[in-house]
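So the chains spell out like this:
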Amino acid sequence: MSEEKHHISSYKSHLLVLLALLILTAASVAVTSVEMGAYNTLVAMLLAGAKATLVLLWFMHLRFDNKIYAIFTAFVIVLFLLVLFVTFFDYSYR
Amino acid sequence: MSESTTSSKHVSFLEYKGKYKGLLGWIFSTDHKRVGLLYLYTMLVFFSIAATLGLLMKLQMLAPGHTLMGPQTYNAMFTVHGIIMIFVIVVPGLPAVFGNFFLPLMIGAKDVAFPRLNLASWWIYVIGILVVLSSQFIGGWPDTGWTFYAPYSFQTPVNIVPALVGATIMGFSSILTGINFIVTIHRMRAPGMTWFKMPLFPWTLYATAWIQVLATPVIGITLLLTLMERLLGVGIFDPRLGGDPILYQHLFWIYSHPAVYIMILPGMGVISEIIPVFSRKSIYGYKAIVLSSLAIAFVGYFVWGHHMFTSGMSGRALYAFSFLTFLVAIPSAIKVFNWVSTMHKGSLLLQTPFYWAVSFIFVFMIGGLTGLVLGSLATNVHVHDTYFVVAHFHFIVFGGTGYSFMAAIHYWFPKMFGRMYDRSWANIGWVTFFAGFLSLYTPMFVLGLQGMPRRYYDYLPEFHAWHIFSTLGSILMIAGAAIVIINLVRSSRHGQKTSEKNPWGGKTLEWQADTPPTLENWEEVPTVTQKPYEYK
Amino acid sequence: MEKNAEHTSHVHRDDEADKLGMWLFIFTELLLFGMLFLMYAVYRYRNPVAFQLGGEEIDVVIGVINTVILLISSATVAMSITAIQRGKKTQALLFLGTTLIIAVVFLVNKYFEWGTKIEYGFYPGGEALLELGHGTVLFFGLYYIMSGIHALHIIIGIGLFIYVFQQIRAEKIHKTDYVWLENTGLYWHLVDLIWIFLFPLFYLIH
Chain C
1 MSEEKHHISS
11 YKSHLLVLLA
21 LLILTAASVA
31 VTSVEMGAYN
41 TLVAMLLAGA
51 KATLVLLWFM
61 HLRFDNKIYA
71 IFTAFVIVLF
81 LLVLFVTFFD
91 YSYR
Chain W
1001 MSESTTSSKH
1011 VSFLEYKGKY
1021 KGLLGWIFST
1031 DHKRVGLLYL
1041 YTMLVFFSIA
1051 ATLGLLMKLQ
1061 MLAPGHTLMG
1071 PQTYNAMFTV
1081 HGIIMIFVIV
1091 VPGLPAVFGN
1101 FFLPLMIGAK
1111 DVAFPRLNLA
1121 SWWIYVIGIL
1131 VVLSSQFIGG
1141 WPDTGWTFYA
1151 PYSFQTPVNI
1161 VPALVGATIM
1171 GFSSILTGIN
1181 FIVTIHRMRA
1191 PGMTWFKMPL
1201 FPWTLYATAW
1211 IQVLATPVIG
1221 ITLLLTLMER
1231 LLGVGIFDPR
1241 LGGDPILYQH
1251 LFWIYSHPAV
1261 YIMILPGMGV
1271 ISEIIPVFSR
1281 KSIYGYKAIV
1291 LSSLAIAFVG
1301 YFVWGHHMFT
1311 SGMSGRALYA
1321 FSFLTFLVAI
1331 PSAIKVFNWV
1341 STMHKGSLLL
1351 QTPFYWAVSF
1361 IFVFMIGGLT
1371 GLVLGSLATN
1381 VHVHDTYFVV
1391 AHFHFIVFGG
1401 TGYSFMAAIH
1411 YWFPKMFGRM
1421 YDRSWANIGW
1431 VTFFAGFLSL
1441 YTPMFVLGLQ
1451 GMPRRYYDYL
1461 PEFHAWHIFS
1471 TLGSILMIAG
1481 AAIVIINLVR
1491 SSRHGQKTSE
1501 KNPWGGKTLE
1511 WQADTPPTLE
1521 NWEEVPTVTQ
1531 KPYEYK
Chain Z
2001 MEKNAEHTSH
2011 VHRDDEADKL
2021 GMWLFIFTEL
2031 LLFGMLFLMY
2041 AVYRYRNPVA
2051 FQLGGEEIDV
2061 VIGVINTVIL
2071 LISSATVAMS
2081 ITAIQRGKKT
2091 QALLFLGTTL
2101 IIAVVFLVNK
2111 YFEWGTKIEY
2121 GFYPGGEALL
2131 ELGHGTVLFF
2141 GLYYIMSGIH
2151 ALHIIIGIGL
2161 FIYVFQQIRA
2171 EKIHKTDYVW
2181 LENTGLYWHL
2191 VDLIWIFLFP
2201 LFYLIH
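Chains as they are written, first to last, in the working numbering: chain C, 1 to 94; chain W, 1001 to 1536; chain Z, 2001 to 2206.
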């Protein structure tokens, strides 16, 4: 029951994504030695988030697949962030 | 029976002979209906065990002092009663039995999306149960309560490792069922059955399955960490090493509160099926019921902290969780309103399933309203960890899941077994059970308000009168349950044979299939053109 | 007796269903690791200094090497899917083999990384660790649990790769039926995804 034609990503696009991931990794290592106080963690998480987005959209094919997968994934991530947020109602004010 | 292939299509799933015969033909069958019945029989066995433990506890509470058992035995009793009732009965409960049996029938599919995985989840479930029960032989029954709170769970001298491992294994089974149902509902609906033409029981199963997928891994990792804490001393929950035991409670309830909705949502679905059929009226507010199910599943994810109001959380967390708890009451109330409005001016068909459904609404409302008493901070502090809580969650969990389970089995029994139960005994069983249930748990509200703490094997003399009342109620309730179960078990073998497709006049697809259904449910998959519950 | 209809009748294949099932499984994994990250967040919030000092004990070089090779392996597994879609069996096997080797190398690195720490008594319940105070105990506790569970996923991934490799060789997985490879790829990207967050949180704490 293979329905519509699948999108085939080229080798080149995979290699470009890999290159971007490696550059972001280098950036996150480099930025560690810059003194930014609490913002260091924020920057590290933003860079990791960017890498994760690349992996999800290209390697995991969310960009090309049925949109429902992307919607579910976004929902799950939001759900997790909300749980984290609600938990910190306790720890931030204890 | 060795005719041509066309006649083999009309053999019911109960008589069908596959690769294996006898018992093997059941425990290796990937037919969703047989898997559903496997769960049913497993639950019947373990419900009897756990109910017996409950009765023994009530007998111990008949008089103050060390009468039937001492504190350690009592602790083990309520722990095993809780573990079996929660993880073996009510969490898998309706989805595993009636979801497996009727989800494909109701959406016009031939089976679930992954039949072998479905059978595997029953096997995993049974293995989980056996691991939990093995604690009897290696180090004694657990005594922590079903919640395994840190730090006691890694300090108790009895061996709780099997209980932790077993509960984790059962979690896997629950996840696999959830994955199976979501994929089935997405991919296998009959032609013409759009999302908003789907009956309400599948809708609630869909919401439930999402919770199973997204909450169960939390309990898995939490129990595994407790295990590591106990075996390796990692320090994650151990205050002596800097860990925070309250974080254990957070993680535990991040699963276990949504799990309450795993228990109750399919029950609400069953009631939403039965009420329109027995009122001969279309359901009032179909979309409101669908959306409130999804809302309960979502909001229910963020209310876990109301189990921890006296644990020492920050003040702001208390306000937040109390507020969210009140929010989640709204969609439940919407459903009650819809059910009652459906009955309004309907032509009521007074039969056993309807009795169970109506008494469900009654006990569910008592449970829900006392839940608000517990959800508001000022009153919670007084009744926290008292019999008030015990009464509340038995009204909700047992009242909710138990009554809807009973309603479901009396509703679908003829379709499942091709036989009819004895209706007068079924009604007698219902009356006895209902009366016993109310006299068992209502006194607990009073006891809780008077200050009787939960999980104590002993009590002060001033509580005696209400305890006697409650214990007598428990005997009555067990008698009622016995009447119901014996009637059903007997009828499944000797009851009046019937091949009538639609004894109650239901409008959903399962009533168009053969009674009992054939191996693949349909010779030709039906096409759906109208909404469910279209009564003229 | 009827003929055994059970296996003949519903051999209905639905790749999209298999993929949806895999994604749902990935969601359970995300939540599972999510709870570990939640614990990390709570304990780091409560012990900021100890976590920083603990982070300095962990070898950044091994961390960077493992990150780089894991990213490469994610690309190669994605490329093996492209190869199979184009019907290039040998290329697919080559890319998959590379991924498999990288997975093993990752574990070897992990072995040496853990080995040196355990040698110094830096393990849960170890003497040297217990002397260092609460925050450090928690930091290393989380380090072992989180990278340990991640390593367990790598091991499962290796098993999956071996199976899929065999299936491609036996032509059971081919141009028109490759959902197994696709789902194994999704799983491996998940393993990568987790590591993308583990890496800065343990190796790059400033």
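Hints are computed from structural coordinates only; laboratory data are not their basis. Be aware that a few hints might be false.
Just so you have them, the derived chain Z footprint on chain C, three or more residues with Cβ under 8 Å [as the list claims (entries may be wrong)]: (1) 28 to 35; (2) 44 to 57; (3) 82 to 90.
Distance ranges between label pairs, derived from CB positions [stated by the list, open to error]: (4) C/Ala70 x W/Leu1294: 43 to 53 Å; (5) C/Phe75 x Z/Val2061: 36 to 46 Å; (6) W/Leu1449 x Z/Leu2107: 25 to 35 Å; (7) C/Leu81 x W/Gly1022: 23 to 33 Å; (8) W/Ser1424 x Z/Lys2172: 57 to 67 Å; (9) W/Arg1187 x Z/Gly2133: 34 to 44 Å; (10) C/Ala70 x Z/Val2061: 34 to 44 Å; (11) W/Ile1475 x C/Ala70: 21 to 31 Å; (12) Z/Tyr2163 x C/Lys67: 54 to 64 Å; (13) Z/Lys2088 x W/Arg1187: 49 to 59 Å; (14) C/Val78 x W/Arg1316: 33 to 43 Å; (15) W/Arg1187 x C/Phe85: 28 to 38 Å; (16) C/Phe85 x W/Ile1330: 46 to 56 Å; (17) W/Arg1423 x Z/Gly2159: 53 to 63 Å.
Source: prediction; values computed, not measured. For every residue, glycine included, the Cβ atom is placed at its ideal position computed from N, Cα and C.
Quiz item: If you look at each residue in the segment 28 to 35 of chain C, do at least three have a Cβ nearer than 8 Å to any Cβ of chain Z?
Solution: That given contact holds, which follows from 5 residues of the segment 28 to 35 of chain C lying within Cβ reach (below 8 Å) of chain Z.
Quiz item: Can the suggested window of 49 to 59 Å be confirmed for the beta-carbon pair Z/Lys2088 and W/Arg1187?
Solution: Between Z/Lys2088 and W/Arg1187, where Cβ atoms are some 30 Å apart, the hint is violated.
Practice problem: Go ahead and decide if the range 53 to 63 Å is satisfied by the Cβ distance of W/Arg1423 to Z/Gly2159. | Solution: holds, 55 Å
Self-check item: Residues of the segment 82 to 90 of chain C with Cβ under 8 Å from chain Z, three needed, outcome
Solution: That given contact holds, which follows from 4 residues of the segment 82 to 90 of chain C lying within Cβ reach (below 8 Å) of chain Z.
Quiz prompt | Outcome for the supplied range 36 to 46 Å, where the beta carbon pair is C/Phe75 and Z/Val2061 | solution = Holds - the Cβ-Cβ distance for C/Phe75 and Z/Val2061, about 38 Å, lies within 36 to 46 Å.
Quiz item: That 57 to 67 Å hint for W/Ser1424 and Z/Lys2172 (C-beta), does it hold up?
Solution: holds, 59 Å
Exercise. For C/Val78 and W/Arg1316, compare the CB-CB distance with the range 33 to 43 Å and indicate the outcome.
Key: violated, 22 Å
Quiz item: Taking 21 to 31 Å as the hint, is the beta-carbon distance of W/Ile1475 and C/Ala70 inside that range?
Solution: violated, 57 Å
Exercise. Using the Cβ atoms, figure out if C/Ala70 sits within 34 to 44 Å of Z/Val2061.
Key: Holds, at about 36 Å.
Quiz item: So does C/Ala70 sit 43 to 53 Å from W/Leu1294, Cβ to Cβ?
Solution: Violated, since C/Ala70 and W/Leu1294 (Cβ atoms, about 19 Å apart) do not stay within the stated range.
Quiz prompt | Range agreement (Cβ of W/Ile1330 with Cβ of C/Phe85, hint 46 to 56 Å) | solution = Roughly 21 Å apart at Cβ, these two residues miss the hinted range, so it is violated.
Quiz item: Is 54 to 64 Å right for how far apart the beta carbons of Z/Tyr2163 and C/Lys67 are?
Solution: violated, 31 Å
The structure does not agree with the numbered hints 4, 6, 7, 9, 11, 12, 13, 14, 16 stated previously, though it agrees with the rest.
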